[in-house]
Amino acid sequence: MPQATDSANVDPGGRPFTHFLPGERNVPPAQRIYINRSLRMGSIRAIGFDMDHTLALYQREPFEQLTFDLAVERLIERSGYPESIREVRYDRDAIIRGLVVDKRAGNLLKMDLHGYIVEALHGTRRLDKAARQKQYRNRRINLASDRYQSFDTLFSMPEGSLFAALVDRVESGEDDGLASIKVAQIFDDVRNAVDSIHGDGSLKELIVADLQRFFVADETLRPTLLRFRAFGKKLFLLTNSEHYYTEAVMGHLLSTPDQDWKELFDLVVVESGKPDFFADGRKEEVISEEEGRAPCVRGGQARMIERRLAASGDELLYFGDHTYGDILRSKKTVGWRTAMIVHELGREIRIRERRRPLVRELNDLVGRLRDLARDADELGALVSLMDSLVDVEEENQVPEWVSGFAARELRDFGALNVDRRQRRLVKARETLRGMEFLVGQYESRAELLRHQIRVSYNPNWGALFREDSQLSRFGRQVREFACIYTASVANFLNYPGNHFFGASEERLPHE
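Numbering-wise, my numbering puts 1 at position 1 of the sequence shown, and it's gapless, one number per residue.
There's no promise every hint is true.
Heads up, simulated BS3-like pairs for lysine-lysine below, C-alpha to C-alpha not over 27 Å straight-line [to be verified]:
(1) 134 <-> 182
(2) 283 <-> 204
(3) 283 <-> 332
(4) 129 <-> 182
(5) 331 <-> 283
Derived CB-CB ranges, DEER-like [to be verified]:
(6) 210 <-> 509: 44 to 54 Å
(7) 104 <-> 138: 17 to 27 Å
(8) 445 <-> 354: 18 to 28 Å
(9) 273 <-> 226: 28 to 38 Å
(10) 505 <-> 356: 18 to 28 Å
Note that these hints are calculated values from the structure, not bench results. Yeah, the Cβ is synthetic: ideal placement off N, Cα and C, and Gly gets one too.
Just need the whole structure built from these sequences, with the hints factored in.
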């Protein structure tokens with residue numbers, strides 16, 4: 001008898017409707033959404049977005065080069081730096097997100113999830129382990145100290161590269177014009193220069209004049225927002241950028257001849273003053289309220305958004321790129337759900353896919369090395385015991401604290417005469433030397449594999465999210481602060497509109 005089929009789940013051609021559903025397994029890893037904390041989109045009533053590096057993804061190379069060049073000119077014009085610093089070049093490999101700068105020492109530091117330094121560059125010169133230990137003594141860094149600053153946003157990349165290049169120039173002694181400037185002063189001057197070109201509009205003026213050059217054109221961004229709206233979500237834009245800049249950028253990315261970009265949103269907030277916006281904020285100022293378009297407000301406070309959109313707490317999902325200014329503060333202060341846009345994620349995933357054979361070999365080698373090193377340690381301890389008992393005339397007594405394999409071997413060893421004990425000891429030492437040699441071979445191969453994998457991501461810093469087998473400081477921030485994360489808002493087109501993003505089971509090492 002034929003099996004009954006629910007006709008509601010079958011298309012007219014007789015195929016189950018599920019053949020239309022690609023499933024996440026068919027979504028390329030670089031276009032997936034990754035889950036730290038389960039999120040039910042059906043429970044979300046309003047979705048908000050930061051603009052810069054979130055909805056509006058910059059073409060990083062021209063944007064960062066322009067920022068770097070303008071900052072150099074600002075240092076010359078306003079801080080009295082010599083014109084010779086025009087010779088410094090922007091190096092994208094000099095910095096990644098999540099680094100910490102030691103302003104006093106002129107060092108850039110990469111830390112693991114526990115806050116310990118795992119890599120350091122003085123300018124662009126690598127500090128070896130001995131030099132790191134001499135300066136920092138394997139202590140965790142106190143990031144609350146004025147001595148340290150974090151580079152947590154993509155806006156920080158040109159700043160970090162310029163600082164490192166100027167530290168190199170000071171250390172070389174080739175530029176007399178920099179000889180009297182302390183490294184900590186260089187950092188402050190560079191930060192002020194970068195802040196000023198952002199703040200006075202000189203950078204944005206050049207960007208607005210050539211929007212196509214500076215922004216990633218994504219034809220799927222607009223359909224993504226339309227789809228959110230089709231599933232009943234209210235949308236809002238929450239940015240620190242000025243009104244004129246927001247109009248220019250969003251109009252370029254989202255407006256069509258038939259529809260202004262603000263018709264896609266229910267509320268637009270500019271010059272919001274994040275992260276303070278999520279706490280006390282300031283008085284809101286209505287810029288425009290046109291029928292059929294989102295009201296545009298300057299300033300305000302998070303509760304204002306909740307009031308206007310009739311949603312609160314975990315009914316709101318906010319997309320941002322800044323771990324502290326966007327993600328942490330919106331999550332902890334007002335209880336919004338959080339989605340982090342990590343522009344670098346796609347590249348990191350693609351590199352890991354290409355290096356997967358090396359990663360598999362390394363993981364296998366590390367497992368074998370762990371077992372071999374443990375066996376070598378056990379044999380080494382046994383050899384030491386055998387050595388202490390080899391010339392004892394009477395039959396040896398096995399110490400109470402010795403058990404297992406070592407206890408059996410010592411009992412057999414003690415039953416031998418002195419001559420045979422010596423021969424057994426020589427053989428055990430030879431075996432131990434062979435094991436130690438093999439451990440060295442394994443360690444050398446593992447170190448080579450780690451290096452090959454590491455430099456694939458960045459020749460100075462390795463992978464963004466981790467350092468060897470541990471998460472990096474940035475990786476920990478993404479894991480702890482973001483409910484979900486992905487490379488682009490448009491990746492949501494790969495999932496049903498009210499999808500349940502279920503987190504994987506967390507496990508302790510013993511599980």
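Hint check:
1. 134 <-> 182: Measuring from Cα to Cα gives roughly 21 Å; hence the hint holds.
2. 283 <-> 204: 26 Å, holds
3. 283 <-> 332: Holds, because 22 Å separates the two Cα atoms, which is no more than 27 Å.
4. 129 <-> 182: 25 Å, holds
5. 331 <-> 283: Holds - the C-alpha atoms of residue 283 and residue 331 are around 22 Å apart, at most 27 Å.
6. 210 <-> 509: 44 to 54 Å: The hint (44 to 54 Å, Cβ to Cβ) holds, given that residue 210 and residue 509 are roughly 52 Å apart.
7. 104 <-> 138: 17 to 27 Å: 19 Å, holds
8. 445 <-> 354: 18 to 28 Å: Between residue 445 and residue 354, where Cβ atoms are some 20 Å apart, the hint holds.
9. 273 <-> 226: 28 to 38 Å: At roughly 30 Å between Cβ atoms, residue 226 and residue 273 fall inside 28 to 38 Å, so the hint holds.
10. 505 <-> 356: 18 to 28 Å: 23 Å, holds
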